[in-house]
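**Student:** These two chains come separately, so use the hints to put the complex back together.
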Amino acid sequence: MSHQSPIIGTSPIRKEGRAKVLGEAQYIDDLSLPGMWFGATVRSAVARGTIRSITFGEEINWDAYCIVRPADIPGENTIVHLTKDHPCLADGMVNHPEEPILLIAHPDKIALLAALKAVHIEYDELPGVFTIEESEAAVENNDAARIIWPGSDAGGTANCFRQYLMYSGTAEETEDGIAAAFEAADFIIEGEYATGAQEQLYIENNGVIAECFRDATGNIESVCVRGSMQCPYYLVHALTLVFNLPEEKCRVIQTETGGAFGGKEDFPSVIGSHAALLAMKCGHPVKITYDRAEDMAATTKRHPSRTRHRTAVSKDGKLLAGTIDFAIDGGAYATLSPVVLSRGTIHAPGPYKWPFIRVRGKAMATNLPPHGAFRGFGAPQSIFGIERHMDKIAKTIGLTPEELRRRNFLTTGDTTATGQLLSDPVDMQHMLTRALNEAGYHEKLARFAESNKGSAIKRGVGFAAFMHGAGFTGSGEARLNSVVYLDALPDGRAQILVSSTEFGQGTQTILCQVGAQALGIAYEDVIFHQPDTKFVPNSGPTVASRTAMIVGKLIERAGKKMLETLRAAGLSEHHSSDEFKACVKSYLAEHGTLRSSVRYEPPTKIFWDDQLYRGDAYPGYAWAVYVAEVAVDLNTYMATVTRFDALQEVGKVIHPVLAKGQIEGGVAQGIGYAIYEKCMWKDGRMMNNQMTNYIMPTSADLPPIHIHFEEVPCIHGPEGAKGIGELPMDGPAPAILNAIENATGIAFNTIPVLPEDIFERLTSLGHPHGGSEDFNLTVDRDTRVEEVTA
Amino acid sequence: MTSITFTINGTTKTIDVPPMKRLLDVLREDLHLTGTKEGCGEGECGACAVLLDGELVNSCLVPALQAEGAKLCTIEGVSTEGRLHPIQQCFLEKGGAQCGICTPGMILATQHLLDKYPNPTMEQIQEGLAGNLCRCTGYMRIFEAVQAAATITDPELAGTSR
Ligand code: FES
Ligand code: FES
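These protein sequences, in sequence, are chains F and H.
Read left to right, the first sequence gives residues 1 to 790 (this note's numbering).
Read left to right, the second sequence gives residues 791 to 952 (this note's numbering).
Because the hints were derived from the structure by calculation, they are not lab data.
Values in this document were obtained by computation on a predicted structure and should not be read as measured data.
Ideal placement from N, C-alpha and C gives every residue a C-beta, glycine not left out.
Be aware that one or more of the hints could be misleading.
[As the list claims (entries may be wrong)] Here are some of the chain F residues that sit facing chain H, going by a computed Cβ distance under 7 Å:
(1) Val21
(2) Gly258
(3) Gly665
(4) Ile695
(5) Ser699
(6) Leu702
(7) Pro703
Same shape as in the complex, but just chain H (with noise of 0.2 Å):
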């Protein structure tokens, strides 16, 4: 076991983990987190993607360990006081969320690609989310949504993934 302390969602939290316990199971049963999924548990599909220090990471793939010090953003973070962020809203919107399984990484792959490009084009949308694996959308309706997302700015809303 070893004592790791990060910030989650802006707040610091201190637990008790053996270190190289995967991220995902952290979030999942030590922080009781569930709304990042498991997919695959080998980095394929995306569904467990978190932002750790405003990147982008898989976190079945990343140690425990890794997390000492660093700021992560889940689901459970992009949302303020109940009040849908605007790339939730359009997904919700724009048919972004089918069975909803992917979407939580979708959410926070969306919100990576939006704070490097905040006018993405198409190319960059897709080559963003190439990582995030769905298979109920075709990927149509994301599309729309991020681009309808990168039209909205909402400065109470900005930088939440910092």
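Chain F on its own, in the form it takes in the complex (with noise of 0.2 Å):
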């Protein structure tokens, strides 16, 4: 490959594809140490409660076992994120099912097994709370037996992790401005989305092996702890609390990792910090691997939530004025509520001009296991919202749902609900109009509703449209001031060292399109370093849709800084690959070392106020239409996509068959998220917490996806490529139930929507079982419309 022809927008081998489809990659269940034992947990079995004792059976040897309690841990028992309220092991109380407890390791497997049954724990349970409503309820009546959490030094009062309020200008003129709105409304339509409770589910569950090295003295002088993770600097930071080790001393290096999605972002701190501690005091290396039922029922999910919308509309569909209250549910300690409250907040007007709106954001505690980053963060609840919200508000005014979109979308030069200037192109007019043309939506509206007459197989169409923020949110990328390094290698390759990590999604070949590109070399010459903190930069946590756009943004610097040192070596202007390798060997030959470091510049235009929470919210945006087309059948109850389309401006397409995967990935979670997903609760315990009887889409329930883009290359990214991780699961649930709207003319604004839910609406509208009657009742639970009368 010569280096005139553009790497960037095509489609390379993926750099592990091939250890992959030979069955050679190795992930961490398939990693052995000499010596290695194995860890198990001891979980709690209430929801809340203190501890009132713990025997050991005696028909166990405990002699052979080694037993971690809380007493055990060098530094600090928690398990930090934004702050210390969560502990690493429980002492004496709990406050979620399966809550860490005691941990034990054993040469062998299967003997651990006998163990976890022989350990005897009594409590003296404590009354606890399992929905956002009872949180705010036990706040409301101050009932301080239900005050599950006190509120914390890095804020939140009790039972409340964070509360944002955010304003489309100043508070006073903002609440002035809806007042008025509100006065002079044609309608006040109000409404209220509720989303459940998603399981990444992940194939390979989560898993580490950790190691505890000492001195000659027996000091602990490091640990290392290798698995299945996201972001291998998060773990840095949990251990280096844990054990009272400088992060230097705390090495963490990520091994091939089957699936994430946000499930191995915050997670691996916890099972890498216990099985650092069970190394520590058992002298060996500790593997501990989750099966999936204590994988499902112990780690994190996607927050349920719940959107009120309130909006004042006039009777030719200009949004006039807006309130939104969301709330999530964070389950038993902060984790990173705070951020995903925050996401969500701040999407939750979606992609609309609001001349006024407020927006209140609330993260609530319940004793549920804590929930945590699930990809979206927060996005795919509130756009839930909203999303269900439009239409319904065109239905009550007398609009279609693509007529009152486009009265109220947002353009080029307008300000968004944080006051960010859209200053790059933004054309969600021609996006909308693409997006029902690929999908053949007017056609099929018109047509299905002549095939759904007497039909017990009911059709529609309906669709979202939607935006996703880019990187951290607000100052987040300039606190965490990424550094990545570009190594020029002694056989004259380029290697790119990032803490950045591969789980499916792309990374590492994106990354060396992008090195390579800027370098000016072929895509093999290229290669990237496996991250391991011992020598890999923080390049940031591989979360938030940043690694394309932030971080691939500084390969591009560092290849063109690279470049510049090599010109000045004498380097041609117009250089091969082998003048490249020729050039990179000379100049180690004279100088040892060649290393290209470039830490992230904050765009010197961009600014964001955390306590006003006003400004430049992202750096960019990716906007989106898609449209889902379902059947449902009246006599099976089943709702089923048999069409969708997602049409998405991502900037630059970095690798269009990886992107291709990424957004139809994302859609599929996104149908499951609405008509398959449940996550069933018993008193904060997960009930279903098996592949069984947890029902996520197969090959044979997928409808056809079709992907389109459009490609607005935006500064902040290289070559223009903003990110897409997170995009695809925000618009699928909203179109998908705006689609079932249309074809039975029932709205559901609970998600996931499951024939059992179908069933007992049409059964309470007096549906006759298996009847193929018309219709169109238009029966919406949840909503309240007011019309105003001047």
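**Tutor:** In structure tokens form, the structure reads like this:
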């Protein structure tokens, strides 16, 4: 390959692909260290209570086991995220089912099972709260017995981890504007929308292997954890506190990771600390891998949510003002909930122009296992609310869903609800036109309206329009202060060193493409260093759709910087890959090493105010319109998606095949979120923690998914690329429920919608089982409409 | 302990194992063939799929005993001397493997499918792979890979599953 042909925008074979198709890729459970023991976790059987006693059954020879208790922790008993409320091991008090209490290790995996059964724990149970509403009620009623989280030095109040109040202008001017708009409005439309928890369901469960090293006097010198994870430096940070060691003594190595989706963002800090504690105590390397049931019951899931909208609208379909109350269920500890809440709050107003808007966000504590990161990170929840609500408004005031959106879309030069000026071109009108055309929307609307008559299969189409911010929210990127290295190797190739991880989304491949293009060399001549904190700098966590855009841009800059050095050393202006290699070799012969190190520089034009919650929330947004076509069978009460079209504007597409795969995979998860995947809870415990009864879509369940891209390069990403990882999770659920309403006339405002929900709504409307009569009632239990008469 | 003899990826082996040990564990622990993965341990995900006498089975549900006298093929037996099988090549080119954890099982399921239906319809592909869960891809790139593999006939590589 010559340097002239572009590499970005082509689809080279993924870097680690060959090892994967050969079955040679080494995931954590495929690895073993000499003398390695196995670890397991003794977990709480109750949701909330104090631990009265722990007894060890006499049938077990406990001398052969290693047991770690809170008192064994050399540093702080905490898993640190934003605050230190989350213990590494429960000490005296438990706050959710499956909370870790003790750790046990043994050389034989099988021997652990009997030991786990032989630990008997007695509790004095305390009352728990299990929903957002119960948690709120405890606060409102001053019910001290049900205040399950007291507040922390990092903010938050009783039962509430964090609150945000976001105004489209100054508080006073916005409140006045809202009051006046609600006075003058032709319609005031309210709605409540709810989403359930969702399991990430990566096919590889969480797992790690830890080692602990001591010096000659027996003091702990360092720890090393390798495993399945997204964010090696998060785990480094957790280990520094648990072991009271400096950063450079806590080494973390990411191994091949079999899916993550956010589920391996914060959780590896827990399992990684646990394994390291066992390794410290037993003096052997220790592996902990969860089985599916433990992984599902005990690890993080997507936050359940509730969004309440109240909107003032004119009769010609202009949004005049709105208030949005967005609440998420954070589970028992704060973990990442404040940040999830932040993204959800900022995305709640959708891609629309609001003269006046107020969004209140709050993350409530409950006695469920802590909820955590999952692709979309709060945005799918609040976008579900606004995109269902827009269809509601349209229906109420007598416009089509399309026309209502067209009259309110944000466009170039507008400001968003946080006051961010959209200076890059935004054309949602065109996006909507194209998406509806690609999907054959108008033709189908007409056709289905006819064919549904007298049919037991009701078909419908619906869509959702949305935007998704790439990168950390607000001042997050400036705080992360990411660094990347690009090394020239003795054989003349270049090597990327970052803590950004591959877990299927294509990190290695796209970063190597960016590096190759910047250096003007072949893709094959750029390689990727395994994320090992002993060698790679902290390029930030692999989350928030930030890798392509933020880390990619850093690699691009590092490439240009290296090229400058080599040009000064004689590399010609239009070099070939071979000339590059030759130049590197002679440079290294003279200087020994060549490393190009680049640090994030916040764009001077980007400003964010954490106090007022205003400013440039994200460096760039991806824009999208997704269209779903559904069939609802009135005999089986099953809703299925029969076709899906996803159009998105993502800057520059770096690798078309990987990008399509990302979007398709996200859409599939979104379809699961909407109509298949339900977490069933009983007193805070997940009851269906098996693949047998938690149903994710199979190859037979999914429709053809058609992916379409628009490219409008963004200056903040390499060659104009923006993030795409989370985007596809946002649109499917509202698009599908809008389509179900189009098909049946029934508005479902809670996901997931399972056959029993459809059955329940149909029968409550007096629908005879298995009938096929026309069915065009508009029934919406959760929405209140006021027609304002002047 | 029972002595069990079977042919695995063309080689005959005799091993002593507890008769009810899961075939999955025999492969991974006793034979160090870690290409076969565990996703659920209850027959739902297909990550542990292997071919047993040409049939696709979930090795987490198969007791070692049942492998007595059988011909087994795992992902390690799909390629020949480092040369990718057309199915593997197509998964690679079409983006059928993302995180890769479902890929070994998915490739064996594809091999089984193409043995049965050399020119499968979309419905046959969807049904044929329905026992293999993939959380990353949404299956579309996998379908493309299967369709592409079906068009390649390579006599040198044909019948490796038998
Ligand atoms: S591990 Fe055997 S089917 Fe999932
Ligand atoms: S590629 Fe990750 S589960 Fe299939």
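**Student:** Name the hints, by number, that the structure is in violation of.
**Tutor:** Hints 4 and 7 contradicted; others consistent.
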